[in-house]
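A.B. asks: Sequence:
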Amino acid sequence: MNWERKAFEYIDKIEGMGGAVEALKEGFQMMEIHDSAYLYQREVENKDRIVVGVNEYVSDAPQIEALQTISKTRLKDNLKGLQGLNQRETVKR
Numbered sequence: 006m007n008w009e010r011k012a013f014e015y016i017d018k019i020e021g022m023g024g025a026v027e028a029l030k031e032g033f034q035m036m037e038i039h040d041s042a043y044l045y046q047r048e049v050e051n052k053d054r055i056v057v058g059v060n061e062y063v064s065d066a067p068q069i070e071a072l073q074t075i076s077k078t079r080l081k082d083n084l085k086g087l088q089g090l091n092q093r094e095t096v097k098r
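Here the sequence shown is numbered in the working numbering, starting from 6 and rising by one per residue.
Zero decoy hints are in this set.
Derived CB-CB ranges, DEER-like:
| hint | residue 1 | residue 2 | range |
| --- | --- | --- | --- |
| 1 | Arg-10 | Val-49 | 23 to 33 angstroms |
| 2 | Tyr-45 | Ala-12 | 11 to 21 angstroms |
| 3 | Glu-27 | Thr-78 | 44 to 54 angstroms |
No lab work stands behind these hints: they were computed from the structure. Where is the CB? At the ideal position from N, CA and C, for every residue including glycine.
Build out the structure end to end from the sequences listed, making use of the hints.
C.D. replies: Written as structure tokens, this is what we have:
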């Protein structure tokens, strides 16, 4: 498969619609994304595309029920500490 040729054919197709803006107005890009997502999902469901942990090699371990959460205050404090560390490293250089 010649990827360069296919890319230029794709560009020509969009230019034939009047360019990227016109193609957007016609919904071309959204339809391409939709079609691609549909094909990908179908491949996963039919096991034509293996996704580890999704359709093959799935763990029997129980799912994590709750993720760790960090308060906004603690997050801000951590960011301040990192910014200070970054400033000290910059001064050392």
